[in-house]
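Peer 1: Sequence:
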Amino acid sequence: NIIRPSDSSIKEEIKARGKDVVLSSTKILENPAEVTSVSKGFGWYKLSVSNLNESNFLVFSETFDPQWDAYIGGKKLNHVNVNGYANAWWVEKPSMSSSVEITVKYGPQQSYYAGIAVSVFSLLIVLALFIYELRRHKS
122 NIIRPSDSSI KEEIKARGKD VVLSSTKILE NPAEVTSVSK GFGWYKLSVS
172 NLNESNFLVF SETFDPQWDA YIGGKKLNHV NVNGYANAWW VEKPSMSSSV
222 EITVKYGPQQ SYYAGIAVSV FSLLIVLALF IYELRRHKS
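122 is the number of the first residue of the sequence shown in the working numbering; add one for each residue after it.
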């Protein structure tokens, strides 16, 4: 029941097992990939991954939630639950370089922003109607 990131059959294993994966690796990489945070906000992160010389998992050590998504160039990555609690995405080795930018987003955060926008817009309409009624009754 152990999947090693270096196994060539990783995609088939993920498909066969569904969304639960246990990571274990005895392979020590001489030049491991480096992940740096480029920018972040409420519910999203933009990451730069350099020295990605082989396909591997990007593990996000937050409690697993299927509403987290990761994208490379607009393409959604395969999201899995690793080690029983964490979010992870399978990142393919880039064909042209050894660097990629990954955007990680939390879906409900977008709904939260939409809700704030609708609330502010509704408040402005109510205030405008209130002011209109006040002026109408004064004259």
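No lab work stands behind these hints, which were simulated from the structure alone. Treat the hints with care, as some may be off.
[Said to hold, decoys possible] Dumping the calculated DSSO-like pairs for lysine-lysine here, alpha-carbon to alpha-carbon at most 30 Å: (1) 167 - 259; (2) 259 - 226; (3) 161 - 196; (4) 214 - 196; (5) 196 - 167; (6) 167 - 214; (7) 214 - 226; (8) 197 - 226; (9) 197 - 214; (10) 197 - 161; (11) 161 - 259; (12) 259 - 197; (13) 214 - 259.
[As the list claims (entries may be wrong)] Cβ-Cβ distance ranges computed for the label pairs, FRET-style: (14) 239 - 213: 37 to 45 Å; (15) 259 - 238: 58 to 66 Å; (16) 256 - 195: 19 to 27 Å.
Ideal Cβ positions, reconstructed from N, Cα and C, are used throughout, including at glycine.
Peer 1: Please go over all the hints and tell whether each is borne out by the structure.
Peer 2: Going down the list of hints, with the structure as the test:
no.	hint	result
1	167 - 259	violated (54 Å)
2	259 - 226	violated (51 Å)
3	161 - 196	holds (19 Å)
4	214 - 196	holds (14 Å)
5	196 - 167	holds (14 Å)
6	167 - 214	holds (18 Å)
7	214 - 226	holds (21 Å)
8	197 - 226	holds (11 Å)
9	197 - 214	holds (15 Å)
10	197 - 161	holds (18 Å)
11	161 - 259	violated (50 Å)
12	259 - 197	violated (58 Å)
13	214 - 259	violated (71 Å)
14	239 - 213: 37 to 45 Å	holds (38 Å)
15	259 - 238: 58 to 66 Å	violated (32 Å)
16	256 - 195: 19 to 27 Å	violated (49 Å)
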